[in-house]
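Enquirer: The primary structure of each chain is shown beneath.
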Amino acid sequence: MTPRTTLTHDDLESSLTAHFHPVPATGDLVRRTLDALRDDFRPERFAELAQIEASDRGIRMLSPEGEARPPASAAEKRLTAKAREELFEYLEGRRSFFSVPVDFSAMPSFQRKVLERTYRIPFGETRSYARIAREIGNPRAVRAVGTALGRNPVPIIVPCHRVLRSDGSLGGYGLGLPLKVRLLGLERATPVLEGCATTGIVCRVGCPDAMRMREDSRVVFASVADARSVGYRPCKVCRPADAIA
Amino acid sequence: MTTDRELMQRVAQGDEPAFAELANRYSGRLLTLAWRLLGERADAEDAVQRALLKVYTSAGTYRPEWAVSTWLYRLSTNVCVDEIRRRRSRSSLRQAMREEGVDGQGPLFSGTAVAGPARRLDVRRALESVPLEARILLALRYVDGLSYQELARVRGISVNTVKSQLARGKSILKMALSERRRRPRPAARVAKGA
Numbered sequence: 000m001t002p003r004t005t006l007t008h009d010d011l012e013s014s015l016t017a018h019f020h021p022v023p024a025t026g027d028l029v030r031r032t033l034d035a036l037r038d039d040f041r042p043e044r045f046a047e048l049a050q051i052e053a054s055d056r057g058i059r060m061l062s063p064e065g066e067a068r069p070p071a072s073a074a075e076k077r078l079t080a081k082a083r084e085e086l087f088e089y090l091e092g093r094r095s096f097f098s099v100p101v102d103f104s105a106m107p108s109f110q111r112k113v114l115e116r117t118y119r120i121p122f123g124e125t126r127s128y129a130r131i132a133r134e135i136g137n138p139r140a141v142r143a144v145g146t147a148l149g150r151n152p153v154p155i156i157v158p159c160h161r162v163l164r165s166d167g168s169l170g171g172y173g174l175g176l177p178l179k180v181r182l183l184g185l186e187r188a189t190p191v192l193e194g195c196a197t198t199g200i201v202c203r204v205g206c207p208d209a210m211r212m213r214e215d216s217r218v219v220f221a222s223v224a225d226a227r228s229v230g231y232r233p234c235k236v237c238r239p240a241d242a243i244a
Numbered sequence: 000m001t002t003d004r005e006l007m008q009r010v011a012q013g014d015e016p017a018f019a020e021l022a023n024r025y026s027g028r029l030l031t032l033a034w035r036l037l038g039e040r041a042d043a044e045d046a047v048q049r050a051l052l053k054v055y056t057s058a059g060t061y062r063p064e065w066a067v068s069t070w071l072y073r074l075s076t077n078v079c080v081d082e083i084r085r086r087r088s089r090s091s092l093r094q095a096m097r098e099e100g101v102d103g104q105g106p107l108f109s110g111t112a113v114a115g116p117a118r119r120l121d122v123r124r125a126l127e128s129v130p131l132e133a134r135i136l137l138a139l140r141y142v143d144g145l146s147y148q149e150l151a152r153v154r155g156i157s158v159n160t161v162k163s164q165l166a167r168g169k170s171i172l173k174m175a176l177s178e179r180r181r182r183p184r185p186a187a188r189v190a191k192g193a
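So the protein lines, in turn, are chains A and B.
Counted the way numbering that gives the first Met the number 0 counts, the first sequence spans residues 0 to 244.
Counted the way numbering that gives the first Met the number 0 counts, the second sequence spans residues 0 to 193.
For the record, the hints were derived by calculation from the structure and aren't laboratory data.
Take these hints with a grain of salt, some might be off.
BS3-like cross-link-like pairs, simulated, lysine-lysine; straight-line CA separation at most 30 Å [as the list claims (entries may be wrong)]:
| hint | chain 1 | residue 1 | chain 2 | residue 2 |
| --- | --- | --- | --- | --- |
| 1 | B | 53 | A | 81 |
| 2 | B | 162 | B | 53 |
| 3 | A | 81 | A | 235 |
| 4 | B | 53 | A | 76 |
| 5 | A | 76 | A | 235 |
| 6 | A | 81 | A | 112 |
Generate coordinates for the entire structure from the input sequences, incorporating the hints supplied.
Expert: Written out as structure tokens, the structure is:
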């Protein structure tokens, strides 16, 4: 064995003490935190305070106020925690889809049809109230569609903010128009698909597999077809081909 | 002086000045902890901010049998760990960039070093070979001298695990630092061989 220059206990202690010696934080840090506290919209605050309720089958309610019934089973607890985490990542622009399921079963049948259809509007896209009405086979029920969406018990996850008026104006939003504008802007600024140059797999942003990608192998794609044309295959976990044409 | 616990009680009632006071007391230590764990000051500041917001929003869940500092470290460490997991792979590029501009440019080496800057660099690099849990414990232990008991509470593990993880971390660190000192520079080796 080659002799090794040993480091004494004291050497190590003093190195560690020096390395972890506290640096002063600028007063700025606390002030910015206070500002953030007063700001009406912060993703972490919104996600932290959101009231979320689940059944064993999926999320039933999401609201910035009120009080959710506490989870009654392990499954409910797991689902609400997952929804909260995904909500945070989504609001931070790190997720382009929700993997947590929605439980539509308690909704009246018309509302359920409207919301199930709305649930399938892809991230970053928009539809008109009239088109939703047409697609559920009730072309004249445009106003009723608006009402059903306005009472959406699971906003954001069921993306009623992606539904606009046919003339392009915003329509209404249960959580307030500023948030609708914010969400639409967020979705336009967040990439939907990313591929890994090493594995040749394309994922939806937020897929657990995509999070493990190395930064220098990350490629953003506009569509699955786009990715396929250069030899990528869709991920089997987040299945972008099923969700995004 | 108002105690931490009294401040926490007021924070739980939404008292902003109390929150600012508490944040000021701990921001330096929390920042250092986050900085050493995340590597970049800007990331560390974000993490501390997120942790402090969490302190404010979940002050109601604080239980007085915990020391306030323990609770603050627990929240902050969890934020940092989430961040590390989230970007575990994403950091590799940044890492590479940092390593290229390593001499004196990194934010970690700008302060007046107790040991010389070279030694600091050694410690930072050597710490990279220490597993995450042990690294977290070392950071908490050396930033604010937390006891084994407190470390166990912060991380939600047993005191024995704390002890063994710390010992393991230190021995890996010692090994890494010793090897680095012993090993000749690659350039020198080439010169000798020629």
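Enquirer: Of all the hints numbered above, which does this structure not satisfy? Sort the numbers upward.
Expert: Going through the list in order, the structure violates no hint and respects every one.
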